[in-house]
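Sequences listed follow chains A and B, in order. Numbering-wise, the first sequence is residues 31 to 443 according to our numbering. Numbering-wise, the second sequence is residues 31 to 443 according to our numbering.
Just so you know, not all the hints are guaranteed correct.
One copy or any two copies: either way a pair holds, since identical chains are not told apart in the list.
[Said to hold, decoys possible] Calculated pairs, DSS-like style, for lysine-lysine (alpha carbon to alpha carbon, straight line, at most 25 Å):
no.	residue 1	residue 2
1	418	310
2	35	375
3	229	124
4	402	310
5	310	375
6	117	33
7	203	423
8	386	101
Hints in this document: simulated from the structure, not taken from any laboratory. These figures come from a predicted structure and were not determined experimentally.
Number of protein chains: 2
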Amino acid sequence: MMKSKGIDYHFIGSLDDIAYVLNIRANDVQCNPVVISYLLVSENSCNLYIDKSKLSQEVADYLKENNISIKAYEVIARDISDIEAKKTLYLETKKTNVAVYSSIGRGVNVVTGLNLTSIMKCHKNEIEIKNTKNAFIKDGVALVRYLNWLETGVSTGTITEMIASEKLLEFRKQQDLFIEDSFESISAYGANASMPHYKPSHEHPVKVEPRGLYLIDSGGHYLDGTTDITRTVALGELKPEEIYHYTLVLKAHIALMEAKFLEGTNGGYLDAFTRYNLWKQRINFNHGTGHGVGHVLNVHEGPQRIGTAGNEYPMEVGMVTSDEPGIYISGSHGIRIESIMVCVKDEMTEFGQFLKFDNLTVVPIDTRPVDKSLMSEEEITWLNDYNKMCYEKLSPYLSGHDLEYLREQCKEI
Amino acid sequence: MMKSKGIDYHFIGSLDDIAYVLNIRANDVQCNPVVISYLLVSENSCNLYIDKSKLSQEVADYLKENNISIKAYEVIARDISDIEAKKTLYLETKKTNVAVYSSIGRGVNVVTGLNLTSIMKCHKNEIEIKNTKNAFIKDGVALVRYLNWLETGVSTGTITEMIASEKLLEFRKQQDLFIEDSFESISAYGANASMPHYKPSHEHPVKVEPRGLYLIDSGGHYLDGTTDITRTVALGELKPEEIYHYTLVLKAHIALMEAKFLEGTNGGYLDAFTRYNLWKQRINFNHGTGHGVGHVLNVHEGPQRIGTAGNEYPMEVGMVTSDEPGIYISGSHGIRIESIMVCVKDEMTEFGQFLKFDNLTVVPIDTRPVDKSLMSEEEITWLNDYNKMCYEKLSPYLSGHDLEYLREQCKEI
Chain A
31 MMKSKGIDYH FIGSLDDIAY VLNIRANDVQ CNPVVISYLL VSENSCNLYI DKSKLSQEVA
91 DYLKENNISI KAYEVIARDI SDIEAKKTLY LETKKTNVAV YSSIGRGVNV VTGLNLTSIM
151 KCHKNEIEIK NTKNAFIKDG VALVRYLNWL ETGVSTGTIT EMIASEKLLE FRKQQDLFIE
211 DSFESISAYG ANASMPHYKP SHEHPVKVEP RGLYLIDSGG HYLDGTTDIT RTVALGELKP
271 EEIYHYTLVL KAHIALMEAK FLEGTNGGYL DAFTRYNLWK QRINFNHGTG HGVGHVLNVH
331 EGPQRIGTAG NEYPMEVGMV TSDEPGIYIS GSHGIRIESI MVCVKDEMTE FGQFLKFDNL
391 TVVPIDTRPV DKSLMSEEEI TWLNDYNKMC YEKLSPYLSG HDLEYLREQC KEI
Chain B
31 MMKSKGIDYH FIGSLDDIAY VLNIRANDVQ CNPVVISYLL VSENSCNLYI DKSKLSQEVA
91 DYLKENNISI KAYEVIARDI SDIEAKKTLY LETKKTNVAV YSSIGRGVNV VTGLNLTSIM
151 KCHKNEIEIK NTKNAFIKDG VALVRYLNWL ETGVSTGTIT EMIASEKLLE FRKQQDLFIE
211 DSFESISAYG ANASMPHYKP SHEHPVKVEP RGLYLIDSGG HYLDGTTDIT RTVALGELKP
271 EEIYHYTLVL KAHIALMEAK FLEGTNGGYL DAFTRYNLWK QRINFNHGTG HGVGHVLNVH
331 EGPQRIGTAG NEYPMEVGMV TSDEPGIYIS GSHGIRIESI MVCVKDEMTE FGQFLKFDNL
391 TVVPIDTRPV DKSLMSEEEI TWLNDYNKMC YEKLSPYLSG HDLEYLREQC KEI
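Bound-form chain A, shown alone (with noise of 0.2 Å):
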């Protein structure tokens, strides 16, 4: 690759980028399994720069065994400064820092674009596909488990939100291969939900009551794949107006779920199908539609984007996607919904290759909350089809009272 765009150098500074092409991972950040490092590959070498504590034995071994040099963590400034005069070294200038940048010696021929290493990880390959598809299932698991535990016990009034919070990472602890949340969850109760980066604490706890609407996002690394996942619920009686855009928000996500498009199709344009009924009802929503999902990495992953502005890097086969519209109505409620979903290659016809979704995440979709009326046939038979799949896969993991709840938030509407 390096060789045929005439690249002598590839200076990668982005952390999940050196944990997928090296296939390491590690917990020096919160939530995401990288290591602090930069990495510097030429046609014959392959110099990590790290702390060398850090290497356990068997990951020295591993490196050492596929001709990967490790040199400490500072010399990486020097060793940028030795490259000569009219080679050719390639990096994303977003993921340089100015300390490494400002260490090219003159003469240098600098060539900047993505990391090549997040244009093959974005692409997702068919082992990391099917290992992600178990992962979502057992983390579906987990939050059926969570949601019937909270549905149930919010009536005695001892449930707050950052609580919540705890039982659900305890649920997915129970799960194979579990390694820790992929981020902060979102755990929010009624106006809370309306920010859509709202931070629970136990500093200010928040009653969750039985009534009106919760929004939990939350997700998990496993060992197998990672997961985000958001759903709203009804623990109660709810206003007319939560309905109705509850019901709103769910017709955008089945939007873009059910979206075709040709190849080449980018984020920004897909976005479009997403709002164009909110928009029509004058409501938007001020953030990303979908973001990347790494694999066992990032749960925030380029170069894909599925946005308003600036999203031009095409959706491709492949790639891991999130499918999360909302409103969120100040001081009153929250609504988002989310489901992760691989793009896959859809019907050629004589217009060309289209492309589809296909709906990774395996957790009922709350139907209380759906007014029927706004939802077209169409919209309906896919809220239907895709609870009776969630029941389907997820009911040989449930018994008692959690297989109960599972049906009952199955049933058709």
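Position chain B against the provided structure of chain A, taking the given hints into account.
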């Protein structure tokens, strides 16, 4: 405008911009009422470079009154080369030829961007819009008379695509203030309509027959406005595929026409609204969805454009743009439905200022090829309301068979 941007000289090489800013029209180019010329504007001078013999005394006097100096067409390069070093010269590279560009002297500070006149002229003022609405009613009267003539005559077996096209021009000529066609009409029967830019001819006469679909894409310059319209009509029995595709095109047309969008949304984003449902059926069309329309000027005008790629200019209040999705099945049939719309303010909500489109075109949309079962309630209502509006606006100007035809075409479905 120039002063605030620190511009000393503005070179304008696009003929429609010159016609716009000087408020003159001519007939140097077929279908485009412009005059071959250059314009060089500074704070204290405005030079028009033109073949003087083209100016009538009236226009010459008008220009003189407005302090426009007339110079020979050829001296532009010399005047450009006379611009002193350190002065700022503003121009649009795409609208500047090499001869002019290469005469710029050393040390001149060249700043490039859209011609400032383009940005002014794309926002139609109230008078332009009011006059344009009037032109569209006259154009609608001509179109209805034409379609009635066509449908009545088609059974005689004597009408060719070209004869039809000429007849349409006759009907337009009967209208007040008509100048000329705004582009060469695309009068296309059956399989010929599958070529979006088809050109009928007398050399290869094609008979229009009483079956299948006929497409007419045409427009006129009137002294009060420029029109551009496409209608596809059923001349008799249709194949199921023609009905299916016609209905899909109509749905795509309505989707854009009924869109609401936040201020700042560009034509690339709006394009997705049109194609979403077509793509779901794995169908696409290989042309833009909408182009700007000049006011008694070029029928294709920027900077806004609704299309899949590279259309970054936002859709703004006062812009007049077409909405013309299509489906083309090579060797079989072609369908396009085009109306012209003006961007206006919609509601301001807590989510921002929304914009929408007002439809300017007043020609009924044929309901005979519509498969109602594929239309939503909302779409059916839109179609009936649109045709009702056409009846109300056009019926005062029609009588006899023409009025009967209009009534039939505007019937509710």
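Tested hints:
1. Within a single copy, residue 418 and residue 310 get their C-alpha atoms only as close as 30 Å, which misses the 25 Å cut-off; across copies the closest is 23 Å, which meets it.
2. In the homo-oligomer, the alpha carbons of residue 35 and residue 375 never lie at most 25 Å apart, since the shortest distance is 28 Å inside one protomer and 49 Å across protomers.
3. Taking identical chains as interchangeable, the C-alpha atoms of residue 229 and residue 124 are never at most 25 Å apart, the minima being 28 Å within one chain and 51 Å between chains.
4. Taking the shortest Cα distances, residue 402 and residue 310 sit within 25 Å of each other both inside one copy (18 Å) and across copies (23 Å).
5. Taking CA atoms no more than 25 Å apart as the test, residue 310 paired with residue 375 passes between copies only; the shortest distance there is 13 Å, against 30 Å inside one copy.
6. Taking the shortest alpha-carbon separations for residue 117 and residue 33, only the intra-copy value of 13 Å comes in at or below 25 Å, while the best inter-copy value is 47 Å.
7. Proximity of residue 203 to residue 423 under the C-alpha cut-off of 25 Å is restricted to the intra-copy arrangement: shortest distance 20 Å within a copy versus 69 Å between copies.
8. For the homomeric pair residue 386 and residue 101, neither the shortest alpha-carbon distance inside one copy (44 Å) nor that between copies (60 Å) is at most 25 Å.
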